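Colleague: Residue numbers (the working numbering), protein chains in the order written: chain A, 1 to 304; chain B, 1 to 304; chain C, 1 to 304; chain D, 1 to 304.
Calculated directly from the structure, the hints in this document are not laboratory data.
All figures in this text were calculated on a predicted structure; none of them were measured in a lab.
Some clues are possibly wrong.
All copies of an identical chain are treated as equivalent in the list; a pair is satisfied when it fits inside any one copy or across any two copies.
Claimed, not checked - Computed cross-link-like contacts, SDA-like style, restricted to lysine to any residue with a CA-CA straight-line distance of at most 25 Å:
1) Lys18 x Ser88
2) Lys149 x Ser92
3) Lys156 x Ala123
4) Lys149 x Val125
Listed below are the residues making up each chain.
Number of protein chains: 4
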Amino acid sequence: MSAAENTKKSEEKAGTAKAPPYKLASLFGRSEPSVFDLGRGVSLGGREFIVMAGPCSVEADPQMLGTAWDVKMAGAHLIRGGAFKPRSSPYSFQGLAEDGLKMLAKARELTGLAVVTEVMDSADVDLVEAYADVLQVGARNAQNFSLLKRLGQSRKPVLLKRGLMNTVEEFLGSAEYILAGGNEKVILCERGIRTFEPSTRNTLDLSAVLAIKERSHLPVIVDPSHASGRASFVPPLSKASLAVGADGLMIEVHCRPEAALCDGDESLKPGEFQELMAELAALAPHFGRSLSTVPPGAAQAVGQ
Amino acid sequence: MSAAENTKKSEEKAGTAKAPPYKLASLFGRSEPSVFDLGRGVSLGGREFIVMAGPCSVEADPQMLGTAWDVKMAGAHLIRGGAFKPRSSPYSFQGLAEDGLKMLAKARELTGLAVVTEVMDSADVDLVEAYADVLQVGARNAQNFSLLKRLGQSRKPVLLKRGLMNTVEEFLGSAEYILAGGNEKVILCERGIRTFEPSTRNTLDLSAVLAIKERSHLPVIVDPSHASGRASFVPPLSKASLAVGADGLMIEVHCRPEAALCDGDESLKPGEFQELMAELAALAPHFGRSLSTVPPGAAQAVGQ
Amino acid sequence: MSAAENTKKSEEKAGTAKAPPYKLASLFGRSEPSVFDLGRGVSLGGREFIVMAGPCSVEADPQMLGTAWDVKMAGAHLIRGGAFKPRSSPYSFQGLAEDGLKMLAKARELTGLAVVTEVMDSADVDLVEAYADVLQVGARNAQNFSLLKRLGQSRKPVLLKRGLMNTVEEFLGSAEYILAGGNEKVILCERGIRTFEPSTRNTLDLSAVLAIKERSHLPVIVDPSHASGRASFVPPLSKASLAVGADGLMIEVHCRPEAALCDGDESLKPGEFQELMAELAALAPHFGRSLSTVPPGAAQAVGQ
Amino acid sequence: MSAAENTKKSEEKAGTAKAPPYKLASLFGRSEPSVFDLGRGVSLGGREFIVMAGPCSVEADPQMLGTAWDVKMAGAHLIRGGAFKPRSSPYSFQGLAEDGLKMLAKARELTGLAVVTEVMDSADVDLVEAYADVLQVGARNAQNFSLLKRLGQSRKPVLLKRGLMNTVEEFLGSAEYILAGGNEKVILCERGIRTFEPSTRNTLDLSAVLAIKERSHLPVIVDPSHASGRASFVPPLSKASLAVGADGLMIEVHCRPEAALCDGDESLKPGEFQELMAELAALAPHFGRSLSTVPPGAAQAVGQ
């Protein structure tokens, strides 16, 4: 990566090759970006551009299984869906908890895709680990250090979202908590920061992808759905994320956005997602990436 | 409170007397601000202006006991001190955990003052409850909804700090999680929000005290130490907090700030704190408050 | 001022007594805060707490004269009112221009109070100078360096508002433009910065008063009306401004807020302003200030 | 544009087809984006992706002419360079004023490229118009309404930069000032907003391009150089800007960045710029754009 090389060069020039406070997350003493397995044969951080897709929250079997099948057929690599939902009101839908996790497991069985889902409390890590392939930490828990420490003891990859008010350096500090516990598989996810601008839910900070790549070997993905809160903004922001050098995307897709219990306004319909995947697949080689829209393992799954 | 009355009037005028999403935290169906006991005879939300003081983190017996005695003699109502410290780096001092809680309990025994200390994880609530009189939720956990739900089941008062990027309405939403669980004793603490201004650590938002009073019956205190990160700013900001209508303060005091393991730059020395307390006591009646610098229960404690 | 002394001491300790980029605005080589005359015998920066009051915009003779008389009788030291209005839409009321300036001059004649009013363009400085005692630069022009340079050649005091996105250091850089031109009378005005919080129009940054006092000899006033956009917030924020160490206030008062062409929601009624002035006068001595509610020169004016 | 269509549809659905406060800038009553001439045969807003490039400030003949020739040979459509520089300190280099404008005119003569340069004061508009093809309004003057009104009377296109703290709606309000004066050629330029994140100078808000396209027919370009303040970030952010739907770019190029009087850290070297242009040219067709790296009018110019 040229940004990483650049940093190294300027460090050498300055003779300041000291480790930053986030030593394990940093490029210190490393020459290569991290590449690791997310389960089910999906590898993140390398040439393949990885897409995680699915509904904001797991709502019911038909919704989850229908959407899972749709995103798989469009070429997504992982299914996302929330069973534990962090909501700013206690009276909003809080997720289906273990019932939701079971639906995600069924969706994995059906599609063969690995599952990424959020864990909100260190006390729930065992439970979520039993069902999920990748454990997600939400933006509001980005500095829940107890949870991060607990995840350092997990052997499952952790997808860490940037806090709405976290600097890039703090974000890497949060990642360091997980790495310091012995878990080397941390995925960083830029999902927008809070600013004064009201036309999008948050302000997607694509420069942060570059600022991270300059400092860290960890893979970085972008979540344009939560950042913008607008379905129509998701396709162009997805392409911009690929262009800026992200390693992948997390995208909300819902088979019936207008009926979604949560965040319907930002969800793509399956047909829109399929179209976006085709466009991304065509663009990927121009950015040194590859993306196939033939569903991974489709032949076998379909063949059964 | 005139702000509260104002809101009611405008609601009546508009015929919109509907409950907001944070119904229990709101003024809906209430005519009085909440007043409740924090333990050891200290009542918050009424005429008395309440001051919580102590070191950022509990470090050792002499530091904790010395500082506790100093703040008590200056008239503080509660002792503060962190046994679990949320730090942005895993390699920074993380607090003494249960050992720290024990020192806080000793300090209470010595001074007769109630203790407020942070809890960072729902799994630690039982432990912290066993030692503390008031449970604190830090700014970085302001939307750790699992922790908030767990604290709804506690019978101890909860001091909830505003998240660095939380709006007033979200802050009340977080309070609602605790109230909805059945715990009616929630203290809101304004401690600065994150902005672009670098001359203070955060930007203390004193207007938020007014915005909360306009919407909620809950008591509001201000933490000028963490907000500014500057000891010399703490006295004037404390007076401004009293002037704007806060119900109390949380202030960092350390017997040797230059040797503090954490946040020494923002800690007052005991003598500075004593001077500030005297000034606040003189000002309080001008704002409809009372504050005595005779230590609560000093006679008895000293008499033994 | 103790904050200034503190800085000096820490500079001496560090041996870094170098001038900052805003040398003339800084405390470098100075031992005293600036005190200067605003016209009509009003002196700012000393013991007297100075209040400027009046409508957001000059609308008509009766409105302007009525309000001017009201604020004078309540003890205000200057009349404010905009003849040139910076509005975010070209179709909003843009001010009465020279007609407005004439009304302000009449108000001065009637009340004997000096006049502060905004100038938006270097080409208008001659015109506004012909009528006003103090020239105001609005928040949106805080980095209009052409205008600032032109005002450096004026001999009238300049009231410089902080830009909505300006740091304290940039604010002092803007002041330096005026000082570098030879005009020594610069008044800094904190009026809120832009943040994510929607419950007030902007976020009043009272810590900035301290951050400025620590760096600069220039007087600082606070405008709680524009900062909050809420009339009911103005009295408590005014008291907090006095408490934090500001040298004065700028407050919107309108004889009929509900009919104001601009910013009626944030304007106090004359009776409310009078009550606030009485409260401030009672508080001032506690903060080392004096404020009289007997109108300056009232005897003569009334006697005629 | 599908975003525009979307808005129209939702407006029709809601029956709210009312003009917004920025009526002339809006899509109200229009079906097509604006396409207009920038001089020298360059048309903005259509299929051609337009690139403006050059040094931050005009420093000397060889620097300006050398850089102008370099950017022309790489395929840039306009030369940029500042003769009037808005600097936060009065002691920083303020630009060469008319001498700088003359150098820009020479650069145009040499290369045949149109010139875009900043005007900071309404009093300077006549002067700058005499030399420039496109008049730029800087971020700090984005709400200098006097200047905007004066530019409404110009017949030259105006490149309006977004203020560091301006919302998209305010940005369109500023454009409306120019349009309302009768000048239909307004170019909007996203150049980053101010946030808490320090790893880039400002936070480039690429979602704003989408938010503008959804509301307005005006062309939008992106300035990744000023937004990031980092030369190494400029190429990926440029590609992301193309990907998100911008109509063009403004990029800083300096023949010797290390010796630049202003903003050298963010300037590309001519070779880097050439490489970027080649990459953009290869990508453009994938985003429905065209970009040629054969210098416009190169044959003639070179042929002489």
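Colleague: Under a CA distance limit of 25 Å, which applies to Lys149 and Ser92: within one copy, between copies, both, or neither?
Modeller: Answer is between; shortest inter-copy Cα gap is 14 Å, intra-copy 28 Å.
Colleague: Under a CA distance limit of 25 Å, which applies to Lys18 and Ser88: within one copy, between copies, both, or neither?
Modeller: between (41 Å within a copy, 19 Å between copies)
Colleague: How do Lys156 and Ala123 come out at 25 Å by Cα distance, when the copy is not named: within, between, both, or neither?
Modeller: both (16 Å within a copy, 21 Å between copies)
Colleague: Please sort Lys149 with Val125 into within, between, both or neither, judging by C-alpha distance up to 25 Å.
Modeller: Classified as both; 11 Å inside a copy, 17 Å across copies.
Checked against the numbered hints above, the structure breaks none of them.
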